[in-house]
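Generate coordinates for the entire structure from the input sequences, incorporating the hints supplied.
Read left to right, the sequence shown gives residues 1 to 163 (our numbering).
Don't take each hint at face value.
[What the hints assert, rightly or not] When the alpha-carbon atoms are kept at most 25 Å apart in a straight line, the in silico SDA-like pairs for lysine to any residue are as follows:
(1) 157 / 62
(2) 130 / 140
(3) 104 / 117
(4) 104 / 70
(5) 140 / 151
(6) 20 / 99
(7) 87 / 144
(8) 130 / 99
[Said to hold, decoys possible] The calculated label-pair distances, taken between Cβ atoms and stated as ranges, are:
(9) 130 / 99: 15 to 25 Å
(10) 9 / 95: 23 to 33 Å
(11) 93 / 9: 34 to 44 Å
(12) 93 / 160: 24 to 34 Å
(13) 139 / 93: 16 to 26 Å
(14) 73 / 152: 34 to 44 Å
(15) 96 / 155: 33 to 43 Å
(16) 79 / 54: 42 to 52 Å
Everything labelled a hint here was simulated from the structure, so no lab data went into it. Computed from a prediction, not measured in an experiment: that's the story for all the values here. We put the beta carbon where it would ideally sit given N, CA and C, even for glycine.
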Amino acid sequence: MGVTTRTTMVRKEDATLGSKDWFVVDADNQIVGRLANRIATVLMGKHKPDYTPHVDTGDYVVVLNAERIRFSGRPIFHPEIPYCTTKMERKTYDRYSGYPGGRKVSTAVEVWKKDARRILREAVRRMLPKSKLGRHMLDKLKLYVGCEHPHQAQQTKDFPDYV
Numbered sequence: 001m002g003v004t005t006r007t008t009m010v011r012k013e014d015a016t017l018g019s020k021d022w023f024v025v026d027a028d029n030q031i032v033g034r035l036a037n038r039i040a041t042v043l044m045g046k047h048k049p050d051y052t053p054h055v056d057t058g059d060y061v062v063v064l065n066a067e068r069i070r071f072s073g074r075p076i077f078h079p080e081i082p083y084c085t086t087k088m089e090r091k092t093y094d095r096y097s098g099y100p101g102g103r104k105v106s107t108a109v110e111v112w113k114k115d116a117r118r119i120l121r122e123a124v125r126r127m128l129p130k131s132k133l134g135r136h137m138l139d140k141l142k143l144y145v146g147c148e149h150p151h152q153a154q155q156t157k158d159f160p161d162y163v
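This is the structure in structure tokens:
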């Protein structure tokens with residue numbers, strides 16, 4: 001007979017016993033979708049050999065310079081936004097108040113002016129599972145405007161290149 005291989009499935013209790021790593025990534029001049037994909041992979045834990053879909057095995061991610069992300073597309077001049085492109089003017093974000101006719105549409109430029117961190121948070125949120133587990137994973141994402149963050153005590157590491 002052949003050799004059987006066993007698939008290890010991590011339980012929730014075992015996943016919390018292991019220490020979670022803290023990674024720091026600089027979002028300066030990074031494309032939103034590509035960076036969000038790498039961040040979502042680390043938040044879910046897909047970069048680890050013991051990844052289990054129904055258990056949170058992911059790590060924490062600290063993003064610096066969240067206001068300096070960019071979209072792909074032809075660069076255009078904007079007095080406030082450092083890396084403004086034509087796609088930023090076309091990309092829209094919807095919000096719903098819950099009332100009939102309560103849909104509000106705003107462009108990425110308007111969202112950036114109000115809160116620049118929301119663009120990257122929304123991109124990552126849409127790549128995570130749509131459940132309680134996905135909301136818990138999103139809580140492990142820490143976004144900051146500027147180069148400073150209050151998580152030095154967690155012994156942060158540089159973001160892995162293999163993700």
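Do the hints match the structure? See the list:
Taking the CA atoms of residue 157 and residue 62, the gap is about 10 Å. The hint holds against a cut of 25 Å. For a cut-off of 25 Å, the pair hint linking residue 130 to residue 140 stands: about 15 Å separates their Cα positions. The straight-line distance between the Cα atoms of residue 104 and residue 117 is roughly 19 Å, inside the 25 Å bound, and the hint therefore holds. Taking the CA atoms of residue 104 and residue 70, the gap is about 23 Å. The hint holds against a cut of 25 Å.
Of the supplied pair hints, the one linking residue 140 and residue 151 holds, its CA atoms being roughly 12 Å apart against a limit of 25 Å. This hinted pair does not check out: residue 20 and residue 99 have alpha carbons roughly 41 Å apart, beyond 25 Å. The straight-line distance between the Cα atoms of residue 87 and residue 144 is roughly 23 Å, inside the 25 Å bound, and the hint therefore holds. Restraint check for residue 130 and residue 99: satisfied, since their Cα atoms lie roughly 23 Å apart, inside the 25 Å limit.
For the pair residue 130 and residue 99, the beta carbons lie near 23 Å from each other, so the given range of 15 to 25 Å is met. Range check, residue 9 to residue 95: about 38 Å between beta-carbon atoms, so the 23 to 33 Å window is missed. Between residue 93 and residue 9 the CB atoms are about 37 Å apart, so this pair conforms to the stated range of 34 to 44 Å. Separation of residue 93 from residue 160 is about 29 Å and conforms to the stated range, judged on CB atoms against 24 to 34 Å.
Hint check: residue 139 to residue 93, Cβ distance near 21 Å, so the stated range 16 to 26 Å holds. The supplied range of 34 to 44 Å is met by residue 73 and residue 152, whose beta-carbon atoms lie about 36 Å from each other. The supplied range of 33 to 43 Å is met by residue 96 and residue 155, whose beta-carbon atoms lie about 41 Å from each other. Judged by the Cβ atoms, the range 42 to 52 Å given for residue 79 and residue 54 holds: they are separated by roughly 48 Å.
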